[in-house]
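Q: Note that the protein sequences, when read in sequence, are chains S and R.
Take 1 as the starting number for the first sequence in this note's numbering and just add one per residue.
Take 173 as the starting number for the second sequence in this note's numbering and just add one per residue.
Calculated directly from the structure, the hints in this document are not laboratory data.
Given the structure is predicted, the values throughout are model-derived calculations rather than measurements.
Do not take every clue at face value.
[Stated by the list, open to error] Quick look at which bits of chain R chain S covers, simulated, 3 or more residues with Cβ under 8 Å: (1) 175-181; (2) 193-205; (3) 210-218.
Where is the CB? At the ideal position from N, CA and C, for every residue including glycine.
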Amino acid sequence: MACVSVAAISRICGPNPGGIKTKMYVARVVDILTLPAATNKVVATDIVMKSGKAMVAWDIELDSGNITVETEGSVSNPSLKAGAVFKVARNSPGIDAAIDGAIGQELLILIPENSGNVRILGQLDKGAFLGYKGATGLKSADFAGKDLTVTWEGLFESPNYYTGVVPITAAP
Amino acid sequence: MALSKYKFTGEVLGGPTELYSILRKETIYLDDRITDEQAEYLFNRKSPYVELAKPETAKNTLPADTAK
């Protein structure tokens, strides 16, 4: 008999980490050719971009993100709104230009959660919108960068889940 | 090494040349770098980026006695 015995137990639920991961993927909805329909809230077929288009990856500050879903309107006739907040560190010409370019655009955003799920914010006929507030911070230890918000309102259902692949570079 | 069983359709669709699989945590290149295993993964998920290289041809279903 081994000196240490660790017998397996059957796991019922397991860990349930909160938060979102440190990378998300963004595209303008006008650049997307197909967003397959969800089955039981899961889009399992790949998103296809239009010719020469791709989703771009944004690095998110660790532990700065949160996806929210809530009802709005009257309790007897509600709708849903979804959103997300997150931080992008640093102020630089390239980062600022990229984020400025996304403002006012209808967007489709894929956000991987720490749980392993990937949520879809935005539809082809109703995109999500981005807002931000940038700051340098007052002191050297303060956060310097952008506080971003994603807004997606007037929904019939909460954001679907995505198990497809992310198109990350455009065709030549 | 070129694929034999599958071919990628990214060019046909005007789609991307690289895909990132969040589930597998890896980048899949739609060119000679793609592996058979990656292609099979995409195909099994009914991905529009990969299809069978040689689809099965329709078999002759005519009864033998009608053949001349």
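Q: The structure should be examined with respect to each hint, and the outcome stated for every one.
A: Hint check results:
1. 175-181: Check failed, 0 qualifying residues.
2. 193-205: holds (count 5)
3. 210-218: That given contact holds, which follows from 3 residues of the segment 210-218 of chain R lying within Cβ reach (below 8 Å) of chain S.
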